[in-house]
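Colleague: One-letter residues, chain by chain:
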Amino acid sequence: MLRHLFTLIWNRKRANLLLISEVFFSFVVLFGVGAVLITVGKNYFTPHGFNYEDVWRLEVRAGQGLKMPRAELDDVVRQVKALPGVRTVALTSGNLPFIFNTNNSAFAYKGKKSPPTNYYDADDHYLEATQLHLREGRWFTQTDDGSNHRPVVITQDLREILFGDEPALGKIFTFSEPGPNIKPEDEFQVMGVVDNVNMESDFSAPIPAMWKRLIPYDTTHWETASMLVRVAPGEGGVLQEKIARTVAGVTRQWTTEVRVVNDDRLHRRMFTLVPVVGLCIMGLFLIINVALGLFGVLWYNISQRRAEIGLRRAMGATGAGIGWQFLGEMMVVTTFGVVLGAVLAAQFPLLNAFDLPAEPYLLAIGAAALAVYLITALCAWQPSRLAAGIQPAVALREE
Amino acid sequence: MENLLATSPETRSQPAAGLGATPVLRLTNIEKVYQTKTIETVALNQVNLTINRGEFVSVMGPSGCGKSTLLSLMGLLDEPTSGTIEVDGRAVQSYSDRELAGLRNLKIGFVFQSYHLINDLSVVDNVEVPLLYRKSMGGRECRQRALAALDKVGLSARTGHFPSQLSGGQRQRVAIARALAGGPEIILADEPTGNLDSVMGEEIMDLLLGLNRQDGVTIVMVTHDEQQALKTQRVVRFFDGSQVG
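Protein chains in written order, with my numbering: chain R, 1 to 399; chain B, 1001 to 1245.
One chain only, chain B, in its complex shape (with noise of 0.2 Å):
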């Protein structure tokens, strides 16, 4: 588990994006406007950001820049004002409940801060969920999956134990396996190491690198750490809602 999660340090530098790259996701003139009975507010505005396939981009930017808005928007979650999201090359808002769901549930998987583990599953139970929501797959095969993605964040010992029984980087760790799961192309990770002291911080942050690097997962991070956005491909910079580097 420890090759998984070792990065290299030429790897480290070096760019994905580039000519000939594939966007896997694309925001065109993206504006979300959340509005109330006396007060409008701007959460994104005019943003246009694309994301090509192999990436690791990291979201930066002052609390309230609307970075989480923006992963939401990118996650299918919401829906944004004005603008087009673009998956795949597919324009999605005329896309249905269903068709949005089944895209989230197939390309997507999602990384939080505060985990959202549920504390009445075991680790292996919290990582099939997103399995469940595929009906072609067995039971059986929901299992294998949800093992070989618990192994392959080094959890194989820990699949019968339940969230409150891990430590915040093993429940972080359990949250990767359960976006891993899916074999999502992207994986959007909101602070995910926000909860957790600097040294499981690192361990977290090295596995995202390690899968980005050997698996190819595309990975967008909101992060408030200077020198872990650093390590990332590319860093997008917000502030009061527009996009400033």
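Chain R with its partners taken away, still in its complex shape (with noise of 0.2 Å):
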């Protein structure tokens, strides 16, 4: 029956070319849909690699053109670290967690080659703030001070990709394009190795990442001050206050910040969500209407091909065997359909496109697949019950 079936709908090639055509465009569109979830939902379910309950952003500007002294600054964190409720204080880069504000850049370790790694200025208090996982190695401390190069702490991702299985701790690299004239500073030494981290948003994957020894000994130049703050759990709004007061002791010309770390993130999570639930939406509107045209197209199918049924019936078939029948046939146009489109989704995994793992294509492909069957075995359902319930000697007398 299998064979006939496929001879059948071989034969009616360009009658089922319409409905080949749907099934293959809602494939297509629930592979991207799918690719796009899958992606995002395994990222959502990795680790951040770092703990950023109960951190807070302090920010803190000097105002432009303003000078920010050191002994002013330092001042600051001496304060804000001993008012109650106060963990630590670690002074880092504007690239803060969670905010729209990257510094990247490739690195290079004896020919290898870094993809775009971000990179942040720490001292030496942020292992503390943001409780990283070390797995090599220490964090930086007052010992690093007399270092000829750069310390760093480095992810295990960009670990793998810059010394594979070889020792890291105590090796030199650089930027990947360092320019003639290499800086001590712009040699960097790995220190210690933390657990992959995402500090972008719920939703994006681990990206390498560096830790620069942040050593503020002129910060003259400065504009602005980050600060990652770890507060005891159930810290709020008062303590934000007591934050701002004290560096207005310090100094009432500069600015301050203070905000909190998961709401950055929340904050962040909402840009992603947005368009992921927009691509969703019209998916499923895409979805929608191919159902509605598979039905109609069935539906009509069937009311053309009456004397057929009447006369299958007359041959032998059961009514439950014609209504099988109706559905097999739509799951052979569905897998000539589903055939097509898996054919075009390899081609991703194979070009490596977007710089995704091959793994994610792959689920959407089978997921996509097992939606469009899902759809068409419920369109193709009611005609075929509708089919199977055909009086044959009504069909048979109607031509």
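Errors might be hidden in some of the hints.
Claimed, not checked - Pairwise CB distance ranges, derived in the manner of DEER restraints: (1) B:Gln-1046 <-> R:Gly-389: 29 to 35 Å; (2) B:Lys-1037 <-> R:Phe-6: 42 to 48 Å; (3) R:Leu-344 <-> B:Thr-1036: 49 to 55 Å; (4) R:Trp-299 <-> B:Glu-1086: 35 to 41 Å; (5) B:Pro-1062 <-> R:Arg-385: 35 to 41 Å; (6) B:His-1224 <-> R:Phe-6: 40 to 46 Å; (7) R:Val-343 <-> B:Gln-1093: 51 to 57 Å; (8) B:Tyr-1095 <-> R:Trp-299: 41 to 47 Å; (9) R:Gly-32 <-> B:Tyr-1095: 50 to 56 Å; (10) B:Gln-1093 <-> R:Val-277: 56 to 62 Å; (11) B:Ser-1096 <-> R:Ala-15: 39 to 45 Å; (12) B:Ala-1021 <-> R:Gly-389: 34 to 40 Å; (13) R:Val-339 <-> B:Gly-1194: 29 to 35 Å.
Stated by the list, open to error - Which stretches of chain R does chain B cover? Using the computed rule of at least three CB atoms under 8 Å from a CB of chain B, they are: (14) 310 to 319; (15) 385 to 397.
What the hints contain is simulated information worked out from the structure, not anything from laboratory work. From the three backbone atoms N, C-alpha and C, an ideal C-beta is built for every residue, glycine too.
Take the two lone chains, each set in its own frame, and fit them into one complex as the hints suggest.
Modeller: The following block contains the structure:
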């Protein structure tokens, strides 16, 4: 019977072309939406690699053209750290977690080049503030003050890219295009390795990252100082006000912004969620349209094939058998569309499109195929039941 | 193939039915009423008819007298409003859809006035259709039986053609091959020559007569053609849903 169905569909290929096209386009849309959802879903469940709970972002601005003397900045850090409820304060660069500010570059070690890598400035308290998970080595300490090279801590994925199975600690690497005159602070010496991190958004994949030791010998060119403040659980607005007042107590010329890092995370999440939800809604409407189209075409097909149904009943088909035949035909048509769609979709992992790994693409192909079969089966179900109920004597008399 | 179609004047008038004949189909007190909200139409009224094994019976009557309804009931495609249908001595009114379908597939072959070929299937694929519903039969056996049936109706050279590439007479031969492929005991033919010119009609009639006389296939044929009816062993006449002769 399966051979018969394939023969029938093949011989009706022109008539079935529209159906096959609909299935093909549905598959492609579902594959696209599926690949996006699987990717963001997988990222969502991947650990961030640091603890953003009870961490605040403190940004102090000296104002355009104004200086930020180191002595006053040290005063601010010391006084904020001394506030009850504050656990630690870490000075860092402006590319704080979950905000739209990134610094990235490629790095190289003995001909091995990294992909774009986020890099941050971080002082000796950054590990305590973010609770990054050290895998190897150590975080920066005062013992690094005399270092000839810039002490850095890197993520595990960057370590694997640059050093492979070799030991990483103590190794020195540079920017991938360092320029003719390499300064000692542009030669990075690995002090430690931490777990992979995702500081972009809940739905982003971990990106290789590097923290350079921040040595604020001279801060007079700084306009803004960014800090991460770890506070005791349960601290809120009162402490935020105290921090703002403390900064103002050091100098009234500086402005202060205190934000909860978790709020930044939720804010950033919306920027990813809105387009994804929009894409899903568009995909859903498209699929509903396709489903209605399939339903209509199948209904029409059955009304056109009443005599054939009567004939098959006369030849020995049961009512249920007729229903299954029509369902089976639709599954064969679906298979043609799905195979064509899968051939197209398979190009994405083969060509390493969008720098994504093959896994989400392969999962999306499977999920799209499953969804398309489910949709077509549901659309074919009622028309097939209708076909099964056609009285053979009536159908044969009509023509 | 001409030998298959050939019939002799001696056998033409020889009745198959008689004392000791085995009934293959028996209709007892059959009544068929079509009911709508406003009208009740009696299509068949108290019909009693027995078809014996090996018979070739013509059913005649004016349009609308219930001939096709009778054939549908004989072919187990419809249920009577009242009365009993027996196939090989067994009443079928309590049979399930599956059992009736099995019985149709094994015992009954259908030939229709408008051929009812599936246009998207080749000749041989059309002939295979009834065999597809026999789960015990493999693909190779199906194909062999279909080819043998086509050989029997003289269409061995047309197996790969599609119905649209055939003449009316050839299409009806394909329909007869399809009816024969399953090796049925009974062929029910509803005006098999109705759409054909007289020459092609004669060819088809000769083919049916050959099948009846040489292969012993029981045939019940609805026809309007008195001449063709006279070639069969028995003529049953209907008028307004009642058997009148």
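Colleague: All the hints need checking, so say for each whether the structure fits it.
Modeller: Now the hints, each set against the structure:
1. B:Gln-1046 <-> R:Gly-389: 29 to 35 Å: Cβ of Gln-1046 of chain B to Cβ of Gly-389 of chain R: about 30 Å, so the range 29 to 35 Å holds.
2. B:Lys-1037 <-> R:Phe-6: 42 to 48 Å: holds (45 Å)
3. R:Leu-344 <-> B:Thr-1036: 49 to 55 Å: holds (53 Å)
4. R:Trp-299 <-> B:Glu-1086: 35 to 41 Å: holds (39 Å)
5. B:Pro-1062 <-> R:Arg-385: 35 to 41 Å: Once the Cβ atoms are compared, 38 Å apart, the range 35 to 41 Å for Arg-385 of chain R and Pro-1062 of chain B holds.
6. B:His-1224 <-> R:Phe-6: 40 to 46 Å: holds (41 Å)
7. R:Val-343 <-> B:Gln-1093: 51 to 57 Å: holds (54 Å)
8. B:Tyr-1095 <-> R:Trp-299: 41 to 47 Å: Once the Cβ atoms are compared, 31 Å apart, the range 41 to 47 Å for Trp-299 of chain R and Tyr-1095 of chain B is violated.
9. R:Gly-32 <-> B:Tyr-1095: 50 to 56 Å: holds (52 Å)
10. B:Gln-1093 <-> R:Val-277: 56 to 62 Å: holds (60 Å)
11. B:Ser-1096 <-> R:Ala-15: 39 to 45 Å: violated (34 Å)
12. B:Ala-1021 <-> R:Gly-389: 34 to 40 Å: Holds: the Cβ-Cβ distance is about 39 Å, inside 34 to 40 Å.
13. R:Val-339 <-> B:Gly-1194: 29 to 35 Å: violated (45 Å)
14. 310 to 319: holds (count 10)
15. 385 to 397: Coverage by chain B holds here, the residue count being 5 at a Cβ distance below 8 Å.
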